[in-house]
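*Asks:* Protein chains in written order, with the numbering used here: chain A, -14 to 305; chain B, 3 to 304.
Each hint should be verified, as a subset may be incorrect.
[Unchecked claim] Facing chain B, from chain A, some residues (calculated, C-beta under 8 angstroms):
1. 27
2. 36
3. 41
4. 47
5. 103
6. 116
7. 118
8. 181
9. 209
10. 235
11. 285
12. 288
13. 289
By construction, these hints were calculated from the structure, which means they are not laboratory data. The beta-carbon is built from N, C-alpha and C at its ideal position, and this holds for glycine as well.
The residues making up each chain are set out below.
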Amino acid sequence: MTVSAVQRSPSDAAAGSSRGIRRRRPAGGRKSVAGQRSRVSYFFVSGYVLLAVAFGVFPTLYAVFIAFLDGDGRFSGLGNFAQVVGDFRFWPAVQHVGAFLLAWLVGLLALVTLLALLVHSLGRRWLSSSIRFVYYIPGALAGASSVVLWLFVLNPTVSPVSAVLHAFGFETFVQTVSPGNLPVVFAVIAFWTGAGGWIVVMYGALNSIPDEVLEAARMDGAGAVRTALHIQLPMLRKWISYMAVMSLASGAQLFVEPRVLSQASHAVVPADWSLNQLAYLYAFKQQDLNGSAAIAVILLVVSLALSTFFVIRGGLFERD
Amino acid sequence: MSATSTSTRPRHELGPRDWLGRAFTVVVLGFFVLFFVVPILWLLIASGKSPHDLITTGPFAPGTLDDLTANWTALVQFQGGIVFRWLGNSAYYSLAALVITLLTTIPAGYALALGDFRGRKALLTTTLVVMLIPNTALVLPIFLELSAVNLIGTPLAAILPFSFYPFGVYLTYIYFSTSVPRDLLDAARMDGCGEVAVFRRIAIPLAFPVIALVGFFSFVANWNNFFLPFLTVPGRAAPVQVGLTELLSNVPAFNPTAAGVTAIQLPTLAVATLLSVTPVLLIFLFSQRFLVAGLTAGGTKE
Chain A
-14 MTVSAVQRSP
-4 SDAAAGSSRG
6 IRRRRPAGGR
16 KSVAGQRSRV
26 SYFFVSGYVL
36 LAVAFGVFPT
46 LYAVFIAFLD
56 GDGRFSGLGN
66 FAQVVGDFRF
76 WPAVQHVGAF
86 LLAWLVGLLA
96 LVTLLALLVH
106 SLGRRWLSSS
116 IRFVYYIPGA
126 LAGASSVVLW
136 LFVLNPTVSP
146 VSAVLHAFGF
156 ETFVQTVSPG
166 NLPVVFAVIA
176 FWTGAGGWIV
186 VMYGALNSIP
196 DEVLEAARMD
206 GAGAVRTALH
216 IQLPMLRKWI
226 SYMAVMSLAS
236 GAQLFVEPRV
246 LSQASHAVVP
256 ADWSLNQLAY
266 LYAFKQQDLN
276 GSAAIAVILL
286 VVSLALSTFF
296 VIRGGLFERD
Chain B
3 MSATSTSTRP
13 RHELGPRDWL
23 GRAFTVVVLG
33 FFVLFFVVPI
43 LWLLIASGKS
53 PHDLITTGPF
63 APGTLDDLTA
73 NWTALVQFQG
83 GIVFRWLGNS
93 AYYSLAALVI
103 TLLTTIPAGY
113 ALALGDFRGR
123 KALLTTTLVV
133 MLIPNTALVL
143 PIFLELSAVN
153 LIGTPLAAIL
163 PFSFYPFGVY
173 LTYIYFSTSV
183 PRDLLDAARM
193 DGCGEVAVFR
203 RIAIPLAFPV
213 IALVGFFSFV
223 ANWNNFFLPF
233 LTVPGRAAPV
243 QVGLTELLSN
253 VPAFNPTAAG
263 VTAIQLPTLA
273 VATLLSVTPV
283 LLIFLFSQRF
293 LVAGLTAGGT
303 KE
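Next up, chain A with everything else stripped away, as it sits in the complex:
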């Protein structure tokens, strides 16, 4: 970022001159101070870099490596990829995850934006902050806990909202989780745990719009809806696209929700509903680590492409 570059040069010059007074060896003194500083920096990042190599870079390379090997450790080219893509379970899983992503993203983007705008429009601060907090609480129940909780909610015999389920014509748990409903069911669960955090983030972004701008819009006679459409939404665009990219990338990895539901529904929800479940089956049921790695690599490439594109084009992280 430009600001820090500007700040850096005068302060470095000052630091340099001050060291110039105190240096013991006239020649090369400044250089060795800079050298010491960068050596210390290397020390500071070393632990993180080790972890990044061990659990970021290396597993990725290793997965790519074995995805190109056959079961006997011989190079097999695209054999594993051809095998998993040709698997009769692969395309249904892609469709399932695609349908889930569609339901989830549309719901998430529309509702999070709407709710953030409404919460932001509240006059009373305590009310607005309490509502944000209430929306955020389910975030504490991510993971298997939230899915187990939703097993109850989706079960008409015990559900707190059984009236709603009956209204939709669901009399049993198995009816609620019938295949046609699953993308929406998973979208609702994901929304329940994840939306609150995004609403808080969006609210923060809305707060960064200067009051004068909103005041000026009001003076010009713009109502709440027009202000939202013409001023607030354009300013939120970066954050909305950030949310979309993050959600797309993590949604494609769907595993725990279908896994737990499959276990609970006695396989009414199939064990190979999502791509990650299929990768799991390859590794643990078929003992085909290479095929499993091939699916992991496909998913990883999708995530990596999305995030790289966003870091480079999104402009959200321009500070340097």
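Take the given structure of chain A and dock chain B to it, following the hints.
*Replies:* Relative to chain A, chain B alone:
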């Protein structure tokens, strides 16, 4: 701020359109308050009901203390109190990873923000890219790697992958590059502080808010992580999130083949679910103010 000022001095009388807008706001926000809260309230109530009452009484009819005790006893008796072992595992993995995460991410974020070294830009970009990759994407590759070095089933197989936390580095980096002036550090250097002393005596005390934030996010993410420990620390070494699904497979209502001495009834499962989220829920409740402010600070850029 602007909202409070307008509500105290209204510019014009409220017309029917404004009332409609208000009604819309109240209805939508109220509906979602119910949507987010009802399942959690129900879980609290269901934990205190007998299996029979759970089905026959209304969903919000209160349970009894006796039934709560009975459910608790049933949970504790399952496989000789293995639930405590699961909770202990969760605490051990999450806390150990938390310590390693703080020890590695805070200095790294500091050096990336205020240091000057070769490869800084590359490391920063890599951190951003990896941060945006969902952690589940690396689970299978990490499993394959750990099984190649025979670590599967050992505590390290959960702790070490949990400790790699690029988002924490990013948060620390943002914090140091926006809230800690370089001049302050340079002043300390002029007074003869070495680089490590500058970090320990000046940067760390200033960084308390971000240390708390990184610690919070890391702990919650690790406690709730399912996919990674599900593969790398199965069986008795599992954390409570994985244990919960083990319980689930012993619930006859969901799995008819599970009937028998070890059968788990639905309210017992509800107690276990509640227990599995209690630590994180408590942290949430006690850090409410700090959290909403911290998330906002992390969310807004300038």
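*Asks:* Among all the numbered hints in the text so far, which are the ones the structure does not match?
*Replies:* The structure conflicts with no hint, since it agrees with every one listed earlier.
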